[in-house]
Every structure is written in structure tokens, then in C-alpha cells.
Amino acid sequence: HVATGVSSLHAEGHYGGGIMIGVIDSGVDYTHPALGGCFGTGCKVAYGYDFVGDNYDGSNTPQPDDDPKEECTGANRKHGTMVAGIIAAKTKSLVGVAPDAVLGAYRVTGCNNKASAPIVAAAM
Numbered sequence: 001h002v003a004t005g006v007s008s009l010h011a012e013g014h015y016g017g018g019i020m021i022g023v024i025d026s027g028v029d030y031t032h033p034a035l036g037g038c039f040g041t042g043c044k045v046a047y048g049y050d051f052v053g054d055n056y057d058g059s060n061t062p063q064p065d066d067d068p069k070e071e072c073t074g075a076n077r078k079h080g081t082m083v084a085g086i087i088a089a090k091t092k093s094l095v096g097v098a099p100d101a102v103l104g105a106y107r108v109t110g111c112n113n114k115a116s117a118p119i120v121a122a123a124m
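Heads up: the sequence shown at position 104 corresponds to 104 in my numbering, and the numbers run straight through without jumps.
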């Protein structure tokens, strides 16, 4: 955090409280302890939507649902969770840039990391 100036912001008391940040990516594993362990009102990941479903490959019909949790395995997993952690992780040993911010998780890729412009636009 020193090289990016985040340490200075934290020293001044700026932790992202009152800010909502949208993560438009592969979904977020909100059960991760650094991301609060829950989804919905009162949780760090308070909002979200899965625009595509696990089997979306960029060309087939999306299977959207209300749960933005990243469920994929293998090499194409956890990118959205990693991004969310950089933004807002909060544990005793790991602190994101804005650890007091609230996140919205908007899943726009299936397990193969393919997306389409209309789906990304809808998430915005």
C-alpha cells in the first residue's frame, strides 16, 4: 500500500466507508472470510447478480440467477474474488484499498471467462 499511496489514505482515516463499489467480473466468493462471509443486506457483498451462469461460453444463451457467487474450478476461477479482495478485503492480516466499502458483485463471465459486450453493458 505504500507505493500506491493507500497507506497514506488509511493513515488519514480514509477506508471507503459509505462508498459502494461494483465488481463486474467472474463473480465473487462472498463466503471468503476476508469478504465478510455473507451476501445481502448487512454484508460486505451486499448487492449483485449473475448475468450468465456457470455454463455460459460467450455464444450460448445465458442462464442468469440472483446469486453472484463464483462457483468455477480450475485455472479460470476466482478472478472476481481476487479483484474484490484487492478493493475491500478486511482481516487482521489483510486489508484492501477500501476495506469499509460495500460491494456489488456482478457476474458477466461463465467458467471459461468468456463475456459479451451486451452482458457487460447490462451489468453497468
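Derived from the structure by calculation, the hints contain no laboratory data.
Given the structure is predicted, the values throughout are model-derived calculations rather than measurements.
Possibly wrong hints are sitting among the right ones.
Quick list of in silico lysine-lysine cross-link-like pairs, DSS-like style, CA-CA up to 25 Å [as the list claims (entries may be wrong)]:
1) Lys78 to Lys90
2) Lys92 to Lys69
3) Lys69 to Lys114
4) Lys69 to Lys90
5) Lys78 to Lys92
Pairwise CB distance ranges (calculated) [as the list claims (entries may be wrong)]:
6) Ile86 to Ser116: 19 to 27 Å
7) Lys114 to Gly13: 18 to 26 Å
8) Ser8 to Ser93: 17 to 25 Å
9) Pro64 to Ala11: 35 to 43 Å
10) His14 to Asp57: 16 to 24 Å
All C-beta atoms in this analysis are idealised placements derived from N, C-alpha and C, irrespective of residue type, glycine included.
Evaluation of the provided hints:
no.	hint	in the structure
1	Lys78 to Lys90	holds (17 Å)
2	Lys92 to Lys69	holds (24 Å)
3	Lys69 to Lys114	holds (17 Å)
4	Lys69 to Lys90	holds (18 Å)
5	Lys78 to Lys92	holds (22 Å)
6	Ile86 to Ser116: 19 to 27 Å	holds (25 Å)
7	Lys114 to Gly13: 18 to 26 Å	violated (41 Å)
8	Ser8 to Ser93: 17 to 25 Å	holds (20 Å)
9	Pro64 to Ala11: 35 to 43 Å	holds (42 Å)
10	His14 to Asp57: 16 to 24 Å	violated (41 Å)
This entry does not satisfy hints 7 and 10, going by the numbered hints stated previously.
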